[in-house]
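Student: Single-letter residue listing:
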Amino acid sequence: MIMIEFFSIKTNRREEIVDITKRVEEIVLKSKIKEGLCVVFVPHTTAALTINENADPSVKRDILDKLAKLLPMNDNYAHSEGNSDAHIKSSLIGNSVSLLVKDSVLVLGTWQGILFCEFDGPRERKVIVLVLSNE
Amino acid sequence: MIMIEFFSIKTNRREEIVDITKRVEEIVLKSKIKEGLCVVFVPHTTAALTINENADPSVKRDILDKLAKLLPMNDNYAHSEGNSDAHIKSSLIGNSVSLLVKDSVLVLGTWQGILFCEFDGPRERKVIVLVLSNE
Amino acid sequence: MIMIEFFSIKTNRREEIVDITKRVEEIVLKSKIKEGLCVVFVPHTTAALTINENADPSVKRDILDKLAKLLPMNDNYAHSEGNSDAHIKSSLIGNSVSLLVKDSVLVLGTWQGILFCEFDGPRERKVIVLVLSNE
Chain A
4 MIMIEFFSIK TNRREEIVDI TKRVEEIVLK SKIKEGLCVV FVPHTTAALT
54 INENADPSVK RDILDKLAKL LPMNDNYAHS EGNSDAHIKS SLIGNSVSLL
104 VKDSVLVLGT WQGILFCEFD GPRERKVIVL VLSNE
Chain B
4 MIMIEFFSIK TNRREEIVDI TKRVEEIVLK SKIKEGLCVV FVPHTTAALT
54 INENADPSVK RDILDKLAKL LPMNDNYAHS EGNSDAHIKS SLIGNSVSLL
104 VKDSVLVLGT WQGILFCEFD GPRERKVIVL VLSNE
Chain C
4 MIMIEFFSIK TNRREEIVDI TKRVEEIVLK SKIKEGLCVV FVPHTTAALT
54 INENADPSVK RDILDKLAKL LPMNDNYAHS EGNSDAHIKS SLIGNSVSLL
104 VKDSVLVLGT WQGILFCEFD GPRERKVIVL VLSNE
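Heads up: the protein sequence lines correspond to chains A, B and C, in order.
When we follow the numbering used here, the leftmost residue of the first sequence carries the number 4, and every step to the right adds one.
When we follow the numbering used here, the leftmost residue of the second sequence carries the number 4, and every step to the right adds one.
When we follow the numbering used here, the leftmost residue of the third sequence carries the number 4, and every step to the right adds one.
Derived by calculation from the structure, the hints in this document are not laboratory data.
Don't take every hint at face value.
Stated by the list, open to error - Quick list of in silico lysine-lysine cross-link-like pairs, DSS-like style, CA-CA up to 30 Å:
no., chain 1, residue 1, chain 2, residue 2
1, A, K33, B, K37
2, A, K129, A, K35
3, C, K129, C, K25
4, C, K37, C, K105
5, C, K35, C, K105
6, B, K105, A, K33
7, A, K35, B, K35
8, B, K129, B, K35
9, C, K105, A, K105
10, B, K37, A, K37
11, A, K13, A, K72
12, B, K35, C, K35
13, B, K37, B, K25
14, C, K37, B, K129
Generate coordinates for the entire structure from the input sequences, incorporating the hints supplied.
Tutor: Structural data, given as structure tokens:
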């Protein structure tokens, strides 16, 4: 069984990390698969996806702050749109995550959440989810 | 249906980003699947794959320039082959990308292309593509 | 065919890279698939997985050293548990790797190994492996 669905999210700041775990879990539940693979993909070049701590919000802040320190917004970039830092961060973090489904739910560690990383907002963004199983 | 194919590319400089979207799309078309997953993998430890903007070439230049600034080629590395920076960049960017196939084509955002990142060229490199579907 | 298995590893230092290629290969062999996909996932937020050189151990040391230079353990982080550097490294390297299986074995380049990256050890860690095929 293969199912591809998408949802939209609205970001509110230039840089922001949004927990989308529940949105992805809903799609996995809807698919009714028991065991399989779930790939989440963003069709954007200035955003990213990662899996990290969703409990203490200061982890999200540290990720954004330290990335901004390593890759400042203004730093003599060749690309003239003012968002080159966002493109580079997108490639460093990556634009997809792969997850396993077991006993009908996403396999996630105690502290893990699926995090959408906005690096050039605020924008309306799209998240695409594939659920794949042999059932 | 599972199909695994590969193709070669020749890089021309030590550091270079090459758009390989068309090569991967040809393999997806050849597979004739309608919906599924496509995983692209490089069997190299000083190269990487990412998905980023393929329109303005200055984005590719900024990615290479800023990575070189964060990880200079010469920086008292323990590894004595002169390419430790390339190994680290490979792990930061990652050696595979996962893509979705829908309506027989790769799902890619308007500005997205599949980019091969050479960090220790010029070399002859190999790219391996898996296409997977339940059809 | 879908198989999900896991194994544990014990790390011995705060930061350490452990080659887990053989452990993953054993699971692929056990699955008896000929062609397919293998996704390896860590359910932790201060560890990561990467594919890189497993021959010269100095590559592993360089990866850890340069990451520590870019993201020092103490650097005015908002997160108060003293391991914010480990969370950020986990998102930069990524918590899963995707591999191809062909002729019943993992497709890996000559120098490639699957490396577990510990950034906040020593700890007991878990690695989850999915093997997926249409056989």
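Student: Are the hints correct? Go through all of them and say.
Tutor: Going through the hints against the structure:
no.	hint	verdict
1	K33/A - K37/B	holds, 21 Å
2	K129/A - K35/A	holds, 23 Å
3	K129/C - K25/C	holds, 15 Å
4	K37/C - K105/C	holds, 6 Å
5	K35/C - K105/C	holds, 11 Å
6	K105/B - K33/A	holds, 19 Å
7	K35/A - K35/B	holds, 26 Å
8	K129/B - K35/B	holds, 23 Å
9	K105/C - K105/A	holds, 25 Å
10	K37/B - K37/A	holds, 23 Å
11	K13/A - K72/A	holds, 25 Å
12	K35/B - K35/C	holds, 26 Å
13	K37/B - K25/B	holds, 18 Å
14	K37/C - K129/B	holds, 21 Å
Of the numbered hints listed earlier, not one is contradicted by the structure.
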